[in-house]
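Undergrad: Just so you know, the protein sequences line up as chains A and B, in that order.
Heads up, the first sequence is in our numbering, so the first residue is 5 and it goes up one at a time.
Heads up, the second sequence is in our numbering, so the first residue is 388 and it goes up one at a time.
There may be inaccurate statements among the hints.
[As the list claims (entries may be wrong)] If you anchor each label on the Cβ, the simulated ranges turn out as follows:
#	chain 1	residue 1	chain 2	residue 2	range
1	B	V513	A	Q171	54 to 64 angstroms
2	B	R570	A	G95	23 to 33 angstroms
3	A	G258	B	R552	21 to 31 angstroms
[What the hints assert, rightly or not] Within a straight-line C-alpha distance of at most 25 angstroms, the following computed DSS-like cross-link-like pairs (lysine-lysine) qualify:
#	chain 1	residue 1	chain 2	residue 2
4	B	K686	A	K268
5	B	K638	A	K23
6	A	K23	B	K686
If you are wondering where the hints come from, they were derived from the structure by calculation, not from laboratory data.
A virtual CB, placed ideally from N, CA and C, is assigned to each residue, including glycine.
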Amino acid sequence: MSILVNKRTRLLVQGITGKEGSFHATACRDYGTQVVAGVTPGKGGTQTEGIPVFDTVQESVEKTGADTSMIFVPPRFAADAILEAADAGVGLIVCITEGIPIFDMVRVKRALEGRPTRLIGPNCPGIITPEECKIGIMPGFIHRKGPVGIVSRSGTLTYEAVWQVTQLGLGESTCIGIGGDPVHGLSFVDVLELFERDGKTEAVVMIGEIGGEDEELAAEYVKTSMSKPVVGFIAGITAPPGRRMGHAGAIVSGGRGTAAAKMKALTEGGVAVVKNPTQIGDTVARLLKPSKKRTGSSTRTATRRKRK
Amino acid sequence: MNVHEFQAKQLFAHYGVPVPKGRFAQTADEAMAAATALVAETGAWPVVVKAQIHAGGRGKAGGVKLAKSADEVGAIARSLLGRALVTHQTGPQGRVVRKLLVEQGVSIGRELYLSLLIDRTVGRPVVVASREGGMEIEEVAAKHPEKIFSCRIDPAAGLQAYYARSLGFKLGLTPEQIGSFHRMLTGLYRLMEQEGASQVEINPLIVTTTGELMALDAKLAFDDNAVPYRAQIQALRDLDEESPFEVEASKFNLNYVTLDGTIGCMVNGAGLAMATMDVIKLAGGEPANFLDVGGGATKETVKEAFRILLSDKKVKGVFVNIFGGIVRCERIGGGIVAAAKEIEVKVPLVVRLEGTNAAEGRQLLAESGLKLEVAATMWEGAQKIVKMVQAP
């Protein structure tokens, strides 16, 4: 098991004929994802790398049974693309696009309220269930199937954590980048709930950063409702207040959203907070139940054999 | 993106939000002429001369002064212009004053606080108001949270009159004043929606002795993601208010923030860039900057990044931390070698490459003949650069 995406996921790609869209659609398919359709208005009836292209999301869903969308359209048109996918009944939307105006996302979030559609992102690397389904721009090879769920607001910093977990021979159940924008879809709490319920996830790594209150809310959730161990890291302890650190959402404003406050909240919530991000892997290995530890080289070989 | 008070007030006026009459000036002569013209219009001294910099706390720092004559305006203008104004938001070096706002003096009855921003937790705009105007809202929130009122706006319905009523009565406004408060909120909300403002703050929002509402101060920030589609808002950017390194970096789409330390960092990805700064600090050093070269670092972006980093004279060493994903490490390694040769990096350089084809990338660096240290992990790299920079 895993959360949100697996072998059966049928993916459509909005903006598939663009440079990024076609490159990553192909990379996802090469990883093993079922990429069943692409959508670019005006290019319906053509193909991109052998993937059929449709004019509308509605048509692509009707003709191919796509249930998940990956969005690569430019920021100005991304809100429209998200809502088109939601209206067509797509259950999971993964929006990679960076630079969507915040008020566009305010409208999108309001329009998605009360609907069954889930949104990941925007401004995120995507979601991957190792060895089954990759939806996004992350390098596939750094992942391996295993018991650790990873959720993060970042891209390359997530790869860093994934790589540590993989190199220790542990592996990941599902990894999700929820994105670096201030208004976004799934929150830390949403993903923690899914990991808590998932039978194959035994521990969770959560990577936050300065800005907003998502981490504080997650701390509360871990305290009250989570039985699985959680390892946390917060980026930006050295970030100056009032400055946007790359991500639109990574800003300490009015003394709120500091790394120190988030670390404190997480520690009080029972999360194992690491100050050094290179210790994420070791910490999660220590917290996994001893019987499930896969640290010795012999067990690692055994796991690998089982996978084959 | 931040704008000056006088620019914010021009936009306020355009959206029907009452502001004092004012004029913009860049020299003492202009300020004196502005004051004379203003008094001819309003019929009375004094006027207020306000230093225009992108920082709060100007009043307490001596950047806002009353003047009762044109000569006095001239003297104040000369004392402010060209000098650094140090407020609690500028840092010890302060900000050089280059622009002034000369404004009519108004008689203040009450001072209130008003702001509109996006409540990230729910993803909706929120109006925040307080009876305690003129004070830092964080201070009020800490000491008297009961004096702060807020109201979330449903973006599907827009700004409704009852928001103004529920806040207005709590602020102690009269029914007539609530009518103008509603018009004010509607204007500010439209400004947010149509111009891409992410935060509006009026502190103080005053009730004049004759009972009128007016924005005595104005702070306006724009959503950087919305600015590219609005030429009029782009035109409000003041490059004098930004660090020259940041201005240079923005030309190449590099995310750069100047810090106080000595170790320059070049990283791909914002989260990893922040984590790299944090790790440098953990290793006992101080980062000189935040620099995200983006997910797809190329030879050109790496070269520009080096050039900008090294133009900052406080940088005594550089730590390059790249996690190659889609972009393969040997290409990034090649880019670093080419860029470092062209730019002639004379300070210690530590490079950590990880991810796709990391071994090939590291070999390329090792065989380049460049004086650099290769690190296997971010932690090792941080420790190495800190040691090299601290070595006598």
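Undergrad: For each hint given before, does the structure comply? Return the numbers of the non-compliant ones in rising order.
TA: Of the numbered hints, 1, 2, 4 do not hold.
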